[in-house]
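Spelled out, the chains give:
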Amino acid sequence: MSISLVVVIILVIILVLMYNSLIFKKNQVENIFGSVDTVLKKRYNLIPNLVSSVQEYMKHEKSILENITQLRSKANRADLSDEQKIELDAKVSSALRSIMIAVENYPNLKANENVMQLQRSLNEIEEQISAARRAYNQAVTDYNNAIEMFPTNLMANAMHYHSKKVFEIQDSQRKSPNVKELFEK
Amino acid sequence: MRSLSQLTDFYYKDLFPTLQELENRRKRVKLRVILSGVVLLIVDLMVFSFFRDNLDWLLFLNIAVGSFLYKFITHDYTQEFKERVIEPLIHFIDKDLRYMEDMHISESKFINSRLFTSTPDKIEGNDYIAGMIDGVKIELSDMHAQKRDKDSKGRSSWRTIFRGLFIITEFNKNFSGKTVVLPDSAQNSFGDLIGNWLQSHNINRDELIKMDDPEFEREFVVYGSDQIEARYILSHSLMKRLLSFKKKSGHKVYISFVYNNVYIAIEYGKDLFEPSVFNTLLDYKVAMDYLQTLHLAVSIRQELNIDQKIWSRV
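If you read the sequences in order, they're chains A and B. Residues 1 to 185 (this note's numbering) are what the first sequence spells out, left to right. Residues 1001 to 1314 (this note's numbering) are what the second sequence spells out, left to right.
Treat the hints as calculated values from the structure; they're not laboratory data. Mixed in with the good hints, there may be bad ones.
As the list claims (entries may be wrong) - Which residues of chain A face chain B? A few of them, derived with a C-beta cut under 8 Å, are:
1. I32
2. S35
3. E127
4. Q128
5. A131
6. A135
7. Q138
This structure is a prediction, so every number in the text was calculated from the model and none was measured. By construction, the Cβ of each residue, glycine as well, lies at the ideal position given by its N, Cα and C atoms.
Construct the entire structure; sequences and hints are all you get.
Written out as structure tokens, the structure is:
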């Protein structure tokens, strides 16, 4: 067998491996985003319940409640891109945090069994979302590295792959939520 | 849960009369051990000429006879130490904890932990402690798991898979998959690039899971059946706590999360909670060795902050 044929075979194998690894990384990102989407939806489904439980008491915070309801209806639209979903998630997270802080000002609300149950559910979902976000970020980092680093970047260019955005994880979220602390306040 | 200083107080105050009694006994046993050693040496010198060409055999025979004699002479003392020191200490920690000195965690549980990929051919162990601490099940024991290896000539030898403390307890979050956290040897010996490549191609394990804590990544490698679940279990705070637990124990630590249980294996490389006739039990360092190990094991839930129940497990 001539040397040039061996070289060609090796080159083809390298190209196939590169191609497959790029496809794998892209699919991994999509798969994990699917799971992120599922837990985000789980949280969106809790919002109407939360709003109806607290709106009687929270007369002064009407704007926050309206804001979160709007965000939820936006999030339910089917034509959103992944980037838009990521942006909406950040807004919903911050709106939910302001509601939870506001709840602290109403002792009756804090003691309400329904609100307490909702708080616990939100906490649990928040942990699941945090895990899903972290998994997604890692998958995106691996994917972005592959399409920016040599030599896979050449192939990624040819395949029209573009880098993707990660979820920004705020420092307050790095600490896992402490249920006990929430109730002791 | 008792603190380490409460345990130390109990050891030096309540157990002091027992320790003194045991100390007198230890001195007598030590003398017997030394005398038997001398006798063995004399016998060695007498038979030396017969074994001149087979010194390996003489050495092997010496180790076998020596360890048998040591065990035989110290047997009663060891038993008394366990009954009168270790058992009261365990009951002082929690009176409902059970202690069985000759039992160990079952082989099936050891295998279920998925911590070690080779199946053991022999499992030994002792000092089994089990019960409920703050309403949650925990069990632990000394373990020595070995595998029989055969070479091309058919000669077999025993290889240690794991030797140390093995702990099983419930986890505070619900999960259905498997996540295994192992000491990171590949990345430490081969560097990041090759180490990472080797880890991601480990056929004996599930998928490699890269964690977003650089210090944790340096010390441990994580494999799991589910990328998201692994991160749900290994929150940022648990990773920090596992790191400090590893530092505190000073040994290699293996942790797995399988079907709502946590399995923790700490590789001490020796049989724990055994008294040595050459060291006095009154010595602070010797005492702390027992107390710290015991405290580290039973307070594992607090150390890792998994004693706080999440709503889904209430």
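These are the hints, each one checked on the structure:
Annotation: interface hint on A/I32 holds; nearest CB of chain B at approximately 6 Å, less than 8 Å. A least Cβ separation of about 5 Å between A/S35 and chain B falls short of the 8 Å threshold, and the interface hint therefore holds. A least Cβ separation of about 6 Å between A/E127 and chain B falls short of the 8 Å threshold, and the interface hint therefore holds. Here the hint on A/Q128 is kept, as its CB sits about 6 Å from the closest CB of chain B, short of 8 Å.
For A/A131, the suggested interface contact is upheld, since its CB lies about 4 Å from the closest CB of chain B, less than 8 Å. A hinted interface residue such as A/A135 counts as satisfied when its beta carbon comes closer than 8 Å to some beta carbon of chain B; here the least separation is about 4 Å, so the hint holds. Against a cut-off of 8 Å between C-beta atoms, the interface hint on A/Q138 holds, since the closest Cβ of chain B lies about 5 Å away.
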